[in-house]
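Peer 1: The residues making up each chain are set out below.
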Amino acid sequence: MKSLLHHREARFDLDGLCAAAAEALRGVQTGDARTSDTPDARLVRYYQSLGLVDRPLAYAGRSAVYGYRHLLQIVAVKSAQAAGASLAQIQRALPGRTTAELEAAAVDEADVPPQAKPRALVTVELARGVLVTLDPELVDVDQVLASLTLAFPGGRS
Amino acid sequence: MMTLAPTLPETRDPRGFGALVALHEGREVAFPLTSVRVRTEIAGDCARTVVEQSFANPLGAVLEAVHLFPLPEDGAVVDLELCVGDRVIRAEHRERKDAERVFAEAREQGHKAGLLTAERADIHTLRVTNLPPGESVRVRIVVVERLETIDGETRWRFPTVIPPRYLPGTATGHDGVGVLPNTDAVPDASRLQPPMRLAGGTPLDLEVHVAGPIAGVRSSLHAIRLDLDDGGMRLAPSATSTCDRDFVLAFKTRTAAVALHAWTDGKFTLVRVEPPIVARHVVPRDAVFVVDISGSMSGEKMVAAKRALTTALHGLSPGDRFALIAFDDHLERFRPELVVYDDAALTAADKWIDALHPRGGTEMLPALQAAFDGETPEGRVRTVLFVTDGQSQDEERLVAAVANRRRVARLFTLGIDTAVNGSLMKRLARVGGGVAELCAPSDDIEGVVARIEARFGSPVATEVVVSGGVAARPDAQTLFTGRPASFLVEGAPSVIAVTANTATGSVALSIVPARSSLPLGPLWARERITWLEDRLTLRPHEEEALRPEILATSLAHGVLSRFTALVVVDRATRTDGKPVEVVQPAELPAGWSESFRGAPPPSPPPGASGGGGMMRSVVVGAVGAIRSLAMAAPMPKKAKGRARLDAMEMEMEMEMEMARAPAPPMMAAAPSGAAREERAMADAKPADPASALARSQGADGSYGSDARRTAAAVLALILLGSTRSAGVRQRTVAKAFAWLELHAPAQARVVLTFLDRAEAGQAVAVDDVVRAFIDAGTEGALLRSVIDVTRG
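Protein chains in written order, with the numbering used here: chain A, 1 to 157; chain B, 158 to 949.
Hints are supplied without guarantee of correctness; some may be wrong.
Here are some chain B residues pointing at chain A (derived, C-beta under 7 Å) [claimed, not checked]:
| # | residue |
| --- | --- |
| 1 | 216 |
| 2 | 328 |
| 3 | 355 |
Please keep in mind that the hints were generated in silico from the structure rather than gathered at the bench.
Backbone N, C-alpha and C define an ideal beta-carbon position, used for all residues, glycine too.
Full structure from sequences and hints, please.
Peer 2: Dropping the structure here:
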């Protein structure tokens, strides 16, 4: 998925906001048959009525002005739905989120395919009853094991 | 034993938002408001309520919780306290913009602070800022109010939720914390609507203490527990409750009704005038019925509204005219003009009402305008009955529109909901010269309508005024049967005088006020503010004079108004960081269609909603009861045919409906699903023979123009508890008896002996009726019909 950062200073009307959200979510499986796939004005108003999308930044005449945060909120809701969360769960978790938190959530989630593959974790018995589980994505497994082995000589088969 | 967890570098959680959600799963508290505790003391017809709202911060950042919530619309908010641990800090009452400034400064400086503002008579906003993660505070709000008395019953209604309300107009801006924009029709709408909560609810801990001997306690919504306790009573919901409906308590006091009461606290005086009992003065009526068929009326509310309309319609008298108007975002009329009340019109109107089906938005203004349209000829009175849940944000425009048409007709409002818009219903009735009735869909709707009917035609006294002090509401009042009028007067005169006009001439009464230990100042001020705000709605050009008067009254008596606020600051604590604002979502009211929680459907396919093609909802119970009468007593062919036809039509329609609906998608199915639901509810209601009798009565008051059947019907109604002056079916009895007197004097004499007995409060038994018929040499078949009907 494309980064949303270029929208950071953006100002949208309702249609523009929906278009930007649809663009951001392109290729992401965002719902089942019952939820609307493409964000439209009706859906944005619905999210507003649930407190999932903030009130508009301002009004230009009779048209509401939206920004980056609104875009992030829509993408975050859709991404979380794609990850299997219900709207009720999202409503409990989303309010009070900072823009940075939304940024992380929206961007990353949309990158992950709907059924994220389980992470390959490495579990090693250092000594009898002492198990270590390591995440190769977060630590250098060999290096950590090397230093741990020093603390538990003979534990590793 | 060694446990090892790799030190996580400062990195984004790769599971992203899913993880945020997961983190919150299993957590008890997801929203800031954790509980609401309500403690009410009721003495006489006054109540003092302490509402305690607890807030906790479930986030990792400093929180500013915003709570949009209702308080009783006639209540005076007199105090607010912030409780932080053991410390209790009392709020200051200031002009709203000063209070907002004090609050903003406290927020800036990191102090915990609270701010309570009133947006409407009922809708309030509470802000609690600088709540650190994991901490909690409590806010106590004190409300005093005077309770309404309706037909000898004192009622207390405590709202706990603001339902999703329809907003008319075009968006113009958004400066409030609510989820709807301001519009040209409702310029303050962005302050009124909280987000809707999808799951769970806030626990409500409610307890009421009623002092003094009381009787006939009932609560229309929650189940209640009664504990006798030194003469008074303590009541609480028997099961776990959440904030999803009004709590309604009604009780009778054992004090005898006297014409005039007055109490004084030395500075203010409360005067209560009981309506005199006078003979019903019958004036030919033009009755306009306006019914809300917007989407929010779906389900049991629509069933109740239809029942109300049918009952009111059948209560009309020969010589009356009527009109039926149904509205959602369109207007539907039964006939373009007022229709003369006869059998054909009644049959057609019943069918029209049965076919009504809730769907779209709630555009009330055109419907109310239409109700007041046209001329009412000399010698007739026009009454408008507005049946709705009141779920619209449109208040100021409607109040102004009704007030400007007041001389055309009196407006009576019937609000039906588990969380009814009492503020709108009462204001409309007040400016419309009528009275409001609020009830839940599960209430005895026919009884409620019978009460409205008793008041409909003409009031028992007009131009009711007090002298001896300045009344908070200086306008003359109107007295209706069963509805006492109250005046709050500034000053403590030694004698209070009341004058009024009745059908038999003008009346003057006077009384020496008794002493009261209850301070009446806040109640006087609240009523004064309400009166001034009504004026402001009707005369916006007088704002320069009215605003300062509202402000001054509000500040002088310590009663919250739209132009003031209660602000409290805890200067002992300080937090760092800008608080994150979270608006507390409100529950969907009990009994509302679940479809309100879902996203609205794209747009209905043309021809899918309402109209003649939709199935009708037929009250099977009524048909069944009419049939049992038809079998026992000879019934004219036409009516007999009608009952059979209804039942057959219904079966055919059900089959056709099933054939017509081949598994549509979830959203699109909602309307017909709701219709099925309504019919199921109508069916579930056991056949009420009295209701069936009311419905099968002809427009002239007779039953098939048959003297014996008409007499049987009246006797059956007496056995079922109605007379000409009491009971749910008093209109039915009165009309039938009037017909008998004119067309069948012999039967009328037999019936009258029983009517007199019942009206004198004596018991009438089936055996007595049987004997009377034998004495009069009447056939056994007719007797059986009476007995059949009473046994339902």
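Peer 1: Determine for every hint whether it applies to the structure shown.
Peer 2: The hints, checked one at a time:
Taking 7 Å as the C-beta cut-off, the interface hint given for residue 216(B) holds, the closest approach to chain A being about 5 Å. Below 7 Å, beta-carbon pairs count as interface contacts, and residue 328(B) has one with chain A at about 6 Å; its hint therefore holds. A hinted interface residue such as residue 355(B) counts as satisfied when its beta carbon comes closer than 7 Å to some beta carbon of chain A; here the least separation is about 4 Å, so the hint holds.
In this structure, none of the earlier numbered hints is contradicted; all agree with it.
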